[in-house]
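Given the structure of chain A, go ahead and fit chain B onto it with the hints provided.
From first to last, the protein sequence lines stand for chains A and B.
Our numbering runs 147 ahead of the 1-based position in the first sequence.
Our numbering runs 170 ahead of the 1-based position in the second sequence.
Where hints are given, some of them may not hold.
Here are the simulated DSBU-like cross-link-like pairs (lysine-lysine), alpha carbons at most 30 Å apart as the crow flies [as the list claims (entries may be wrong)]:
{"no.": "1", "chain 1": "B", "residue 1": "Lys234", "chain 2": "B", "residue 2": "Lys204"}
{"no.": "2", "chain 1": "A", "residue 1": "Lys403", "chain 2": "B", "residue 2": "Lys441"}
{"no.": "3", "chain 1": "A", "residue 1": "Lys277", "chain 2": "A", "residue 2": "Lys297"}
{"no.": "4", "chain 1": "A", "residue 1": "Lys172", "chain 2": "A", "residue 2": "Lys212"}
{"no.": "5", "chain 1": "B", "residue 1": "Lys215", "chain 2": "B", "residue 2": "Lys200"}
{"no.": "6", "chain 1": "A", "residue 1": "Lys212", "chain 2": "A", "residue 2": "Lys321"}
{"no.": "7", "chain 1": "A", "residue 1": "Lys403", "chain 2": "B", "residue 2": "Lys234"}
{"no.": "8", "chain 1": "B", "residue 1": "Lys196", "chain 2": "A", "residue 2": "Lys403"}
{"no.": "9", "chain 1": "B", "residue 1": "Lys441", "chain 2": "A", "residue 2": "Lys321"}
{"no.": "10", "chain 1": "A", "residue 1": "Lys255", "chain 2": "B", "residue 2": "Lys441"}
{"no.": "11", "chain 1": "A", "residue 1": "Lys349", "chain 2": "B", "residue 2": "Lys441"}
{"no.": "12", "chain 1": "B", "residue 1": "Lys204", "chain 2": "B", "residue 2": "Lys241"}
{"no.": "13", "chain 1": "A", "residue 1": "Lys403", "chain 2": "B", "residue 2": "Lys379"}
{"no.": "14", "chain 1": "B", "residue 1": "Lys196", "chain 2": "A", "residue 2": "Lys255"}
{"no.": "15", "chain 1": "A", "residue 1": "Lys297", "chain 2": "B", "residue 2": "Lys204"}
{"no.": "16", "chain 1": "A", "residue 1": "Lys297", "chain 2": "A", "residue 2": "Lys321"}
{"no.": "17", "chain 1": "B", "residue 1": "Lys441", "chain 2": "A", "residue 2": "Lys385"}
{"no.": "18", "chain 1": "A", "residue 1": "Lys255", "chain 2": "B", "residue 2": "Lys307"}
{"no.": "19", "chain 1": "A", "residue 1": "Lys297", "chain 2": "B", "residue 2": "Lys420"}
{"no.": "20", "chain 1": "A", "residue 1": "Lys297", "chain 2": "A", "residue 2": "Lys272"}
{"no.": "21", "chain 1": "A", "residue 1": "Lys297", "chain 2": "B", "residue 2": "Lys200"}
{"no.": "22", "chain 1": "A", "residue 1": "Lys212", "chain 2": "A", "residue 2": "Lys385"}
{"no.": "23", "chain 1": "B", "residue 1": "Lys196", "chain 2": "A", "residue 2": "Lys297"}
Just so you know, these hints were derived from the structure itself, not from any lab.
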Amino acid sequence: MSTLLSLRNLSIQFDTVRGRLNAVKEISLDIESGESVGIVGESGSGKSVLSRATMGILHGGNVHKSGDVTFDGNLLSGLSAQELREFWGTGMAMIFQDPMTSLNPVRKIGTQIGEALRIRLGMSKDDANKKSAELLRLVRVPDPDATLNKYPFQLSGGMRQRVMIAIALACDPKLLFADEPTTALDVTVQAQILELLDDLRKSLNMSMVLVTHDLGVVAGHTDRVIVMYAGEVVESAKTTDLFANMRMPYTEALFKSIPTLDTPTGTRLPTIEGRVPDPTQENPGCSFASRCSYVQEKCRTEHPPLTSDGNDHHYRCWFPIQVRSTL
Amino acid sequence: MAGTGNAHLRGEGMVLRANDINVEFKLGDKKVVKAVSGVSIDIAKGETLAVVGESGCGKSSLGKALLQLPKPTSGSVILNDVDITALHGEKLRAVRPQMQMIFQDPISSLDPRMTVRRIIEQPLKVWSDLDEQGRAKRVDELLESVGLDPAVVGSRRPYEFSGGQCQRISIARALALNPSMLICDEPVSALDVSVQAQILNLLQDMKDKFELTMMFISHDLGVVKTVSDRVMVMYLGKICEIANPDTLYKTPRHHYTHALVGSVPVADPTKKSLRSVIQGEPPSPMNPPSGCRFRTRCPAATDLCAAEEPQLREMGGGNYVACHHPRA
Chain A
148 MSTLLSLRNL
158 SIQFDTVRGR
168 LNAVKEISLD
178 IESGESVGIV
188 GESGSGKSVL
198 SRATMGILHG
208 GNVHKSGDVT
218 FDGNLLSGLS
228 AQELREFWGT
238 GMAMIFQDPM
248 TSLNPVRKIG
258 TQIGEALRIR
268 LGMSKDDANK
278 KSAELLRLVR
288 VPDPDATLNK
298 YPFQLSGGMR
308 QRVMIAIALA
318 CDPKLLFADE
328 PTTALDVTVQ
338 AQILELLDDL
348 RKSLNMSMVL
358 VTHDLGVVAG
368 HTDRVIVMYA
378 GEVVESAKTT
388 DLFANMRMPY
398 TEALFKSIPT
408 LDTPTGTRLP
418 TIEGRVPDPT
428 QENPGCSFAS
438 RCSYVQEKCR
448 TEHPPLTSDG
458 NDHHYRCWFP
468 IQVRSTL
Chain B
171 MAGTGNAHLR
181 GEGMVLRAND
191 INVEFKLGDK
201 KVVKAVSGVS
211 IDIAKGETLA
221 VVGESGCGKS
231 SLGKALLQLP
241 KPTSGSVILN
251 DVDITALHGE
261 KLRAVRPQMQ
271 MIFQDPISSL
281 DPRMTVRRII
291 EQPLKVWSDL
301 DEQGRAKRVD
311 ELLESVGLDP
321 AVVGSRRPYE
331 FSGGQCQRIS
341 IARALALNPS
351 MLICDEPVSA
361 LDVSVQAQIL
371 NLLQDMKDKF
381 ELTMMFISHD
391 LGVVKTVSDR
401 VMVMYLGKIC
411 EIANPDTLYK
421 TPRHHYTHAL
431 VGSVPVADPT
441 KKSLRSVIQG
451 EPPSPMNPPS
461 GCRFRTRCPA
471 ATDLCAAEEP
481 QLREMGGGNY
491 VACHHPRA
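Only chain B is shown next, with the shape it has when bound in the complex:
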C-alpha cells in the first residue's frame, strides 16, 4: 500500500499536479497523525478523479491540502502551472477563486442569516468587477443553471430548503467565479437516494457545460463509478490503486480494492454477496505498520510486505497498483 512512486503521473499539461504531499497533524505528547503520506496525483483538463477509501484514510485531508486549507506539511501543489504551495498572503488569496469546494453537509455550509441571492452574490462582490445589475444577472443565470427559479428562491434563507436544494445552492456558489478546479467532498452522502441521483446528474451537466476539472471524494463506490474518469483508492494515507472505473471494479488488482468492492451490498437477493473478505479495522494512523500499510489485514501478506514498501507500478491499461502480490 505504499503509493510512493510516480509511475501513474502523466507528464505536462495537467490542470492540477500534486507532488509528494504529506499532511501531518500534531497531537500532544509529541504524537503525530500522518493523515496523508507521500501522495502524488495529477488531474487533466475536464477529467474527474475520484478518491475513495474508508473514514480516516486521508481522502478529505488530501482534498483540503490541495486547496491549501491548511497547506500540506510538505509537497507541492501546481495549479495551472503555478506552484501555489509557494504562494502566501495576498498572492495565495488571488488564486483561490480558481479552486472551489463543495462540502458534505449542505445545510451547515451555507450562512443561515443570508438570503440565497446574497450567498451566491458574495464571491462576485469580492472578486468580480461587475456592477450591482451585472451581479444580479449572473446570480439569476447561476440559479437557473442549477435548476432553481431565481424569482422563487432568491429571497429565501437556507433553512427553508431541503438538503438537495441546499446542495444545488452550494454548487451555484462554487461555480460563481468560473473555477478551473472543483473539489467535491462527499457531496451526496447526506442526501436521500432519489435526491442523490438528481445532484449527481447536475454535477455531470455542470462539468460538461463549464468544462470543469473535478476531484470527487466519496466512500460510496457505486456513486464514484457513475461520475469518474479515474478512481484512486486510498488506505491509511497512501495510494493503493489508480485505474479507470470499469477496470477497477471488474478486476481489482489490489487486495484492499477487492475487499472494498466485495463489501458493497448488492440490491439483488439472488446474488449472495461475498462473505466479508477482510476482518477488523484499519490500524491507527499514529503508528502505521511497516512496509505495506495494508499487510495487517491482507490475505496475501508475506514477509516481503512487512520489510519493503511496495511502489506503484503499471499493470497495463492505465492501471497502477502498489502491491507486491497483486491479484490476477
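Chain A extracted, bound-state conformation:
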C-alpha cells in the first residue's frame, strides 16, 4: 500500500464575533490507497471541517488555514480554487450529508451527473448520458434511464443519496469523502447504502474517509478509526484494536453512552457530564479534562501529546485506560 493522502499539522481557525475559533488543531494523518478510515466525533468536534479543508472547499476571509495537505504526491496547500479543480472529481470527491439539499432542485438528475463527465472528462452529451445511466445502475437505482429525466423532488431520500454517490463516483476518484452519508436515512436504507459503498470501494480500489457520529457504522465499515474531540485527534487505531482496547477515556465514555439492542430495558445509561469546551477559549490542559471521570491534577494544567503504544494505536491522554486483553 502507498500513502494517498497525508496531512501534516493541519489547523483551521475561523474568525467569529466572539473571537478566533479553533475548529481543527494540528492534525497529522496518512491515508493509504484502498483504505477505509472512519472519523468519529460529536457535533462541533471538527470532523466535517477537517474533510472540507482537506478537499480545499473551505473559503472566505474568515478562514485561516495552516499546515500541509499532500494528495497523491502533490502538495495541495496554497493552490487556488482554479488549480484545485484538477483534483476534484478525478482525485477526490465528496458525498455530502443531506441528500435533500445537496442536489440542484431545478436541474434533472441526468444533467447533474453528466456535468462532471462533460466538463472534467470531455464526454459528449450522448456519452455522458450513457455513462450516467451506467452509474445509476452501479448504485442500484431501479430504472436508471427514466431516473435521468427526473427532478430531485421526485425521488425519495434514499434514492437521492444514491444519486449523490453516483455524482461523486462519476470520474473514478481515488479518494471518497463520505460526510455522514447515511445520517438522514432510515436504518434499512442505511444498511443498503453502507453495503453499496463497501462493494464499490473494493471493486474500484478506492480509499474512503467515512465521517460519522455513529460508532456502529464505523465498526462494520472501516479499517481504521480516528476519534476527534474539540478539534483534535484524541485516539486513532485499527478498528478491531480500537473497539477491543479503548485507551482514551472520551472514546470509552462515548461508546458506553450509546444504547444498543443488548442494553437491558430500563437501564440508566452512563452519560458524559458537562459540555464540550468553548472553541474560542485557549485551554492549557487536556480538552476533555472537565468531563473526564479519571481526571487528575496534571490533566488540567498540561496538554497531553498524541502518544503511541508502538502498535499503531495512538491516544492523547496522560493516564490512558489499561489494556484489558492482549491481542
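Just chain B, lined up with the frame of chain A:
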C-alpha cells in the same frame, strides 16, 4: 402487516385507548394518503409504549391523532374514560392539559422571544389558579427537576442554550400541568449521543417521579429498547408486531421487525452485521399493496399474503404479530 384486529388490547382501566384510528390526508386529484389505517392501541398507567418504524410509516401521524392535532379521520381516542374524539371547542381544550407532547427539534419548539421562565410559566398562566408567586415557585421546581438552575437559566432565551438544554426546557414545560399522558416524538434524534443518554435518563426519572404514562415515538431501536415497556412496530400505517422489548429484539416474529433489527449497525467490529435482509424502499402510501402491506419486500411472501390481510394474533408471552407466516 395488517394490524386490524384487537387481540392485543387489554380490557378496562387503561389510561389511553385508541380504537380503529384512521388518518388520511387529501392531496389534489382526489388522491388520498392513508397515513394510519385501522390502528388500535391501549396504554396502561405508568407504561411506556414505544412506536418504531421508518419514515412515512405513520408513527408521528398516530401520535398527533391521539392528541387531536388534528383529529383522526375516523376512530375514537379514550383518555381516562372520556372519549375525546367526541369533544369539540372549549370542552376539548379543557382536556388538552392532560396530554402533552415533546417535539423532535428542541430549538424550534421553543418561542425564541420568550425567556425560559416565561416559556414554562405560560401553561400555568392559562390553566392554573396559582398567583404570581405560586407560579414562580412552580417554575423553579420544574427547572430544578430537569436539572437546570433557575437562577442561572431563568432569564435567558432559547438561542443561548444547546440542543440538550432546550430539550430539558421542553420537558419542564410539558410537565408543568401534571399531564397524565406524555407523547414524545423523536425526543432525542436531534441530539449527540452523549447528550441523548442524559435526556433518556431524565425522561426515565420524570416517569418514575410523576408516574407518567408515555408514548415514545422513535426510529432508533437501541433507544427504544432502554426506555419502553412495550414496543409496537409499524409499517405503512399498520401494526406489524407488538411485544415486550426483550422478546421483540431476541425473537422478532414478523419479517419486517427481523429486517429492522438486523439493519441496526452493531458497534463491534468482530460481529459482522447481517447483509441487509430487505432491499428497496416502502411502496407509496397512496397506493398500498393488497393484503399484507409488507409482502412486496417480504422474503416469505406467498399468494395468501396478497389475497388476505393478516390479523394480529397472540404468539405467547404477550407477543402479537400480524403475519400469515411468522418466523419461528
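Going down the list of hints, with the structure as the test:
1. B:Lys234 - B:Lys204: 14 Å, holds
2. A:Lys403 - B:Lys441: Cα-Cα ~17 Å, so holds.
3. A:Lys277 - A:Lys297: Holds: A:Lys277 and A:Lys297 sit about 16 Å apart, inside 30 Å.
4. A:Lys172 - A:Lys212: Given that 30 Å is the threshold and the Cα spacing comes to 10 Å, the pair holds.
5. B:Lys215 - B:Lys200: Measuring from Cα to Cα gives roughly 41 Å; hence the hint is violated.
6. A:Lys212 - A:Lys321: Holds: A:Lys212 and A:Lys321 sit about 24 Å apart, inside 30 Å.
7. A:Lys403 - B:Lys234: 33 Å, violated
8. B:Lys196 - A:Lys403: Roughly 45 Å between the alpha carbons, so the hint for B:Lys196 and A:Lys403 is violated.
9. B:Lys441 - A:Lys321: 29 Å, holds
10. A:Lys255 - B:Lys441: 41 Å, violated
11. A:Lys349 - B:Lys441: Holds, at about 20 Å.
12. B:Lys204 - B:Lys241: 14 Å, holds
13. A:Lys403 - B:Lys379: Distance of about 25 Å is within 30 Å: holds.
14. B:Lys196 - A:Lys255: 28 Å, holds
15. A:Lys297 - B:Lys204: 25 Å, holds
16. A:Lys297 - A:Lys321: 29 Å, holds
17. B:Lys441 - A:Lys385: 15 Å, holds
18. A:Lys255 - B:Lys307: 59 Å, violated
19. A:Lys297 - B:Lys420: 42 Å, violated
20. A:Lys297 - A:Lys272: 17 Å, holds
21. A:Lys297 - B:Lys200: OK: A:Lys297 and B:Lys200 at ~24 Å, within 30 Å.
22. A:Lys212 - A:Lys385: 28 Å, holds
23. B:Lys196 - A:Lys297: 24 Å, holds
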